[in-house]
Amino acid sequence: MKSVTGALGAFCVSLLASLTQASAAPPIEAFGNLPAISSVHLSPDGTHFSAIEPVNGREAVLVFEIHPGPASKPMVFAVPDATATNSRWVSNDRLICYFYQNKFLFGSTQSDLTQRSHAVSVSISGKPAVTLLKGSAMYRYNTSTAMVSGINVDDPSAAYVTLYKVTEVTSQMSRFGRTEATLDLYRVNVENNDISKVESGSLNTVQWVLDGHGKAAARIDENQGQKREEIYLNDGRSFSQRATFDTTEGWIADAEGVTVDGSALVLGEYGKRGVWGLDALPFAAGETQSELFADSNYDVDHVVRDPWTDRVVGAAYMADKMEYHYFDPGLAKRQKALETALPGQSVTIASWDRKSEHYLVTAEDPHNPPGVYLYTPADGHLEYLMNAYPALLPADLGDMKPYPYKARDGLDIHAYLTFPPGRDPHKLPLVVFPHGGPEARDGLGFDWWAQFMASRGYAIFQPNFRGSSGYGVKFRDAGDGEWGRKMQDDITDGVKKLIAEGVADPKRICIVGASYGGYAALAGATFTPDLYACAVSYAGVSDVPALVGTAMGNEDDNSALAAYLRKHVGDRYSNGKVLQDASPALHADQVKAPILLLHSTNDLTVSVDQSKEEAAALQKFGRPVRFVELSGDDHYLKLQDARLAVLRETEAFLAQNIGH
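The sequence shown begins at 966 in the working numbering and counts up one residue at a time.
Source of the hints: derived by calculation from the structure; they are not laboratory data.
Keep in mind that this is a model prediction, so the values were computed, not measured.
A hint or two may mislead.
Stated by the list, open to error - Listed next, the in silico BS3-like pairs over lysine-lysine satisfying Cα-Cα at most 25 Å (straight line):
(1) Lys1068 / Lys1577
(2) Lys1286 / Lys1392
(3) Lys1286 / Lys1301
(4) Lys1392 / Lys1371
(5) Lys1099 / Lys1180
(6) Lys1068 / Lys1092
(7) Lys1439 / Lys1286
(8) Lys1439 / Lys1532
(9) Lys1472 / Lys1557
(10) Lys1557 / Lys1461
(11) Lys1366 / Lys1472
(12) Lys1462 / Lys1577
Between the sequences and the hints, there should be enough to build the whole structure, so can you do that?
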């Protein structure tokens, strides 16, 4: 790892200043290789840090010394055929690594595909690794034993895991039994796998919240029959119900953790303010819920937790880039100093040691892929460690700017436009690149796929259409039942504005997307066939009733997921015609432009059957289509070979249909 150091007060080392102009577009691998580093965490004593890094084309956990000796090499922790997702330190020697696999259990049909995820305690001194709970009945019953709810700052051998306990219930009225499952809380010794139950949940329990010292602070129940969410708080003697939320229209509140002082549960909810914010629900009986933080314009995106107690120390929201509000004055001061040292970048304090003497920081902007720094507040030292995309230079990347506009009904739409490096922004071939979700959003930052396409000479348009998250409940709910309709119109209106302004060449426009963005790409080619010269869908939905039906089960489904889908997408029983009208595969005869379909075989989020159905429908009507299945990967392009294949296919397809 290379390092650049300097006093923070005078920190002015710019990677831009030391880099020369790129003479040619970088190779596909510069964008498509898995990030060289992500998810960084400092050890308690600050001498090591863990990170997610690729090993043989799949992500693993690596551990580095902060100041390595000449012969020092990173330690690698991996599980065969599994993907690492994160890690957390328990002690100076032990950390928990999280892995998952999407695999076919018995056959090759989608019903045989399942996900298994596990937590593995590893030692940097060479002691035996421990797969948490392995060998127990809970390990056999639960497809995920990686739901670590917290650790204990007073006991470095302890991790707390939530697991479903399955019991057989025999009815006196029948010789047939049934099973019931409760979500219970267990303490697991990370060194020897000893297991003990801490708390028993009810049949409705969906979450436990710990206080950082080994005590269950709250229990969250989802009462499906009565369509409500119930919050139970531990007042030191027992759990008592302290709040109730109606779940008729889906999930209403999220339990995010405990306040810094331990006096209240932090709840994320819309409330009456219209934006997703944070409230404090006191543990002491008789005290009322109060607002902890909410921005006036943007939803809270996520909370910031202390890495050792899991207590909530801050909140993040995205304006154009991610912004942070800290409840800890010391962290707020450090955030301000770091933003001064790294001007214009989105700066995140990712981790710190137990004594708060050293911090790991990430920073990025459209011209700078995520970089990792070590920050020492005592002397203002900021040391550059590593970059997630080391083969890319700032000159390789396109300028990205906000591009606000109004939809046809007057709704304000936030969007972003990236120009290809070195090109005049006039009559450019345009790639429309709607995000997935659809409850997600784009912002100013580095996007490996978007910047790859920009490097090939295309302008990239990323609209946050109605139904996107981040802009409040009213904007989100404006997308209810509008798949293929107003949500798609918002995209179309932005494209037409770019044409009218002379930015986009109207004959060279392609729509590209993944997941919901893949659906939007298919919907664009199907329902506005004269607008696009081609479309690329990765893991896109083509048959909306089939998607909703798979997720909901049946019309009597009372789950929060079913309620969410009925409200935001539509009910396949009462709104079947509406969902059919929004399904590209059911209207493939309207398509005029060639379509590229890409889908991973082990996708549990959107079945590969969705792309198979679209391909068959297009072939039936003689429409040009190329369908590529990516073997072994899942919805999130976690395998390097799959990412590279997606970029190769996209590059060739764009060049053929809207290239120079």
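Status of each hint after checking the structure:
1. Lys1068 / Lys1577: Between Lys1068 and Lys1577 the Cα gap is close to 19 Å, so the pair holds against 25 Å.
2. Lys1286 / Lys1392: Violated, at roughly 28 Å.
3. Lys1286 / Lys1301: 15 Å, holds
4. Lys1392 / Lys1371: 22 Å, holds
5. Lys1099 / Lys1180: Answer holds: Lys1099 to Lys1180 is near 24 Å, not above 25 Å.
6. Lys1068 / Lys1092: Violated, at roughly 30 Å.
7. Lys1439 / Lys1286: Holds: Lys1439 and Lys1286 sit about 21 Å apart, inside 25 Å.
8. Lys1439 / Lys1532: Holds: Lys1439 and Lys1532 sit about 13 Å apart, inside 25 Å.
9. Lys1472 / Lys1557: It holds: about 13 Å lies between the C-alpha atoms, which stays within 25 Å.
10. Lys1557 / Lys1461: 19 Å, holds
11. Lys1366 / Lys1472: 24 Å, holds
12. Lys1462 / Lys1577: 34 Å, violated
Of the numbered hints stated above, those contradicted by the structure are hints 2, 6, 12, listed in ascending order.
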